[in-house]
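**Q** Build the full structure now, drawing on both the sequences and the hints.
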Amino acid sequence: MDWIGNAVGRRLVTYLTEEIRDRPETAYDPARLRETLEVGDVILIAGRSRVSGVIRRMTSSVWSHAVLYVGDMLDVHGPDGERHTLVEMELGIGCASAPLSKYAMEHIRICRPFDLDLCEREQVARFCILRLGYEYDVKNVLDLLRYCTPIPLVSARLRRRMLSLGSGLPTRAICSSLIARAFERVRYPILPRVETIADRGERHEILHIRHDSLYMPRDFDISPYFEIVKPALVRGFDYRKVEWAERRAQARGAQSQPAE
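Following UniProt numbering, the numbering of the sequence shown begins with 1 at its first residue and continues without gaps.
Keep in mind that the hints were calculated from the coordinates and are not lab data. Some clues are possibly wrong.
For lysine to aspartate or glutamate, the following DMTMM-like pairs were computed, each having C-alpha atoms within a straight-line distance of at most 20 Å [claimed, not checked]: (1) K230 with E38; (2) K230 with D80; (3) K102 with E38; (4) K102 with D75; (5) K241 with D29; (6) K230 with E35; (7) K102 with D80; (8) K102 with E184; (9) K102 with D115; (10) K230 with E90; (11) K241 with E184; (12) K102 with D72; (13) K230 with D115.
**A** If you want it as structure tokens, here you go:
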């Protein structure tokens, strides 16, 4: 009977990963994006597939997928010769590498861990690289479908807590949990649980690491410990030099008018 379950699972994965939306109107220039990224950056993707829509509804967020930028640490190239600089946990594939061009034309956000030195960022990247070939936690997909089925008297937050643990196997993960594990290795916070204690009359905050399966892509966006990096601003931006279509049309109109 296993083959029946596997066949159904494959059909379900194909259905969920099918793209149902057009590409976004705004996208970053691939060359500028490549110049901006640093090892250890987390790239969030809005996504255009059915499962992306499920995750966005579940998390009340624009972002449905997260990948880690590893720079030149991977010696893997695609058929066109482009180096793979991303590591991701993808539904239907598992943990795999990919070229930057895969998401260069998507709606994305760059989240950069603050004040991590190069050695620590490389540790984060190496953790994900060593997980290449790991399986995607398919149980998490079923959990997502369960989440979309309303349960009487159970709030959305409680439903998330009920499904958050997935399969629990160390060789399986989803995109955000893999990256969360990597940052946990260097003790870098994402959205820790904060406990306030009193010590000799003074109040202190102690951070507790959350279970990695509780993380979603949007958590890197709202984390107070990650910077949002805008490629259009990093290399310098002068709004005065923006060429607006209306001004160009006005200039052409002025030139076409006969002199009095």
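**Q** Could you run down the list of hints and mark each one as holding or not?
**A** Comparing the hints with the structure gives:
1. K230 with E38: Distance ~13 Å between K230 and E38 Cα, so the pair holds.
2. K230 with D80: violated (28 Å)
3. K102 with E38: holds (17 Å)
4. K102 with D75: Since the Cα atoms of K102 and D75 sit roughly 17 Å apart, the hinted pair holds (cutoff 20 Å).
5. K241 with D29: holds (18 Å)
6. K230 with E35: holds (12 Å)
7. K102 with D80: holds (13 Å)
8. K102 with E184: violated (27 Å)
9. K102 with D115: Given that 20 Å is the threshold and the Cα spacing comes to 28 Å, the pair is violated.
10. K230 with E90: violated (25 Å)
11. K241 with E184: It is violated: about 43 Å lies between the C-alpha atoms, which goes past 20 Å.
12. K102 with D72: holds (16 Å)
13. K230 with D115: Answer holds: K230 to D115 is near 17 Å, not above 20 Å.
In terms of the numbered hints stated before, the structure departs from hints 2, 8, 9, 10 and 11, listed from lowest to highest.
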